[in-house]
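Participant: Okay, here's what each chain looks like letter by letter:
There are 2 protein chains.
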Amino acid sequence: MSNTGSSITIALDAMGGDRGLPVVVESALTVMKQTPELTLILVGQSEAVLAELGRHGAAPGARLSVHHASQRVEMDELPSVALRTKKDSSMRVALNLVKDGVADACVSAGNTGALMATARYVLKTLPGIDRPAIAAALPTIRGHAHMLDLGANVDCSPEHLFQFAVMGTVLAAAVDGNPNPTVGLLNIGEEEMKGNDQVKEAARLIAGSDLNYIGFVEGNDIYLGTADVVVCDGFMGNIALKTSEGVAQMITHSMKKEFMRSPMTRLAGLIARPVLKAFRASIDPRRYNGATLIGLKGIVVKSHGSADVFAFAQAIRAAVQEVRQSVPTRILEHLGALLQQRGTA
Amino acid sequence: MSNTGSSITIALDAMGGDRGLPVVVESALTVMKQTPELTLILVGQSEAVLAELGRHGAAPGARLSVHHASQRVEMDELPSVALRTKKDSSMRVALNLVKDGVADACVSAGNTGALMATARYVLKTLPGIDRPAIAAALPTIRGHAHMLDLGANVDCSPEHLFQFAVMGTVLAAAVDGNPNPTVGLLNIGEEEMKGNDQVKEAARLIAGSDLNYIGFVEGNDIYLGTADVVVCDGFMGNIALKTSEGVAQMITHSMKKEFMRSPMTRLAGLIARPVLKAFRASIDPRRYNGATLIGLKGIVVKSHGSADVFAFAQAIRAAVQEVRQSVPTRILEHLGALLQQRGTA
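One line per chain: the protein sequences are A and B, in this order.
Just so we're on the same page, my numbering is the position in the first sequence counted from 1, plus 3.
Just so we're on the same page, my numbering is the position in the second sequence counted from 1, plus 3.
The hints are simulated quantities; they were obtained by calculation from the structure and are not laboratory data.
Note that the structure is predicted; figures quoted are calculated from it, not measured.
Mixed in with the good hints, there may be bad ones.
[Stated by the list, open to error] Calculated lysine to any residue pairs in the SDA-like style (CA-CA distance at most 20 Å, straight line): (1) Lys90/B - Glu77/B; (2) Lys203/B - Lys280/A; (3) Lys203/A - Leu81/B; (4) Lys36/A - Gln74/A; (5) Lys300/A - Gln324/A; (6) Lys280/A - Lys90/B.
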């Protein structure tokens, strides 16, 4: 389930994502070169995978193997249908490799709902965790924050939100080396309208634990870096995430438009080009690609479906880091301590 | 309740907002100059208001009067406390002027919760509307979209969401002259997780009406301009709005940082300055200041608490436009037609 030693093996769902095999194979070869302790297993239709490797002058070797899987989960396939009818999908076989201890983690750019349902079915949740969540790092003015749940659970009980807070704390501690990450609970600002009963009760649970709880945070706080971990239900998290994408797109669009307005503004754009490029890189969502399906007995990283080589490589790196930090084991330990504390309180 | 004639009277809560009187008075004088048919009533502590007018060399006249109110609702005051103990607040007195037909609309930068609670108490909701909502125009790649509810109602029934859709349609038609605005219901994208029962049932109600319903939209669609009207509950709406603010702040911060990095990048920034200025103006949230408390028997516009003169003036202009278009009357008519249609269906 975890690996703190030097060698790390990761199974890649080679058929997942909108761009599929070409992106997965090229990213795999890139990250493998940069990470000497890494072994990769490309899971998918073996002929196609071998052909794609061949296109890069590459072939299976000591640190790269191909594991055949005859099926592919479509991006718009219903999770329940994928679970029932795609038992030999690249996604499912990659998850099986994690379950069987052959791989330390799995990375997929496939259908989010199907990945979550299949991962939950194959790997099961950690003891003490009722529901896995989707967690991701988001850029902030101060650095980045971890936010969960981003869409796996539409309705969450206060206990679920509490478990998310524990998992987020462990994730931030593991990934950032932050010994005592602050936790904020996403809410709205109006005093008397403040949150529903579920959020209020979750606040009570988190405040009563040893987590570094700083109280309610609002939507703008996510990007101001007010908290290291932002906890919310999957509905809110998904709305916040997608809204952020929209705002960033609109702003980029608006900036381009201004620079294209006239020959003079185009010239200014040319002169400012290196700065604008650095700016775009600093807010590039691809840098933050790789959300974690957290709370499972194993490490599963979800790449954005439309990820390119740069983005998918980031998702593989995120998986490597979680393996190095044994995230699931640490969640288990932290949660065990908290539950014991609660039991004896 | 509505005014389609040439003369428009608006009551301004002169004591509301973080910056209070100086901003309200200067904005009032500016907009009054630009809008010949406009009469303004400054509601607040009359000595202070008169002194502030004096600072601008202005005094009450045919189109500008001062109406005394001895109290002020504090920005962090609980709505219930304000409602009970601040019967002579500038906010409440301004709303009373609307109720008594002295003013056609009221604008306040005060405490949102108190304004909503007091407006609801003083003006009452329109027949057929269970709950007023907060609606605002947001910039999109294509122009702008109207979104509601932005925070007045944490929990909403499908029927409430349906009423929001009607109100948003009327608002978009009135403000933009759009004869058939498209309506989208905010939801998340994962197929099998798609929404809770409340959102699904609301979709059924809206789809079954004569509204121009285009289906579910996601967070990013808000800013892509996918729908002219985006409907959601106040919790989601507030999270989306505040998150947007945070993203925009982070992006602006990041851009500044890149241009400040070295003498070379500073020079580039200097050259690109007019373009960057135009860009910032195009996404300036102050341009969109002035949210409508919609669904009341009267027009109430809420300015951002921290509004400056430019922003508060925009809120006054928003109120003027709603008066011109008789928004409450039009909601009543549209809703009446829809309810009749439903009754006979």
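Participant: So, for every hint listed, does it hold in this structure?
Facilitator: Verification of the hints:
no. : hint                : verdict
1   : Lys90/B - Glu77/B   : holds (13 Å)
2   : Lys203/B - Lys280/A : violated (42 Å)
3   : Lys203/A - Leu81/B  : holds (17 Å)
4   : Lys36/A - Gln74/A   : violated (29 Å)
5   : Lys300/A - Gln324/A : holds (16 Å)
6   : Lys280/A - Lys90/B  : violated (56 Å)
Comparing the model with each earlier hint shows violations of hints 2, 4, 6; every other hint is respected.
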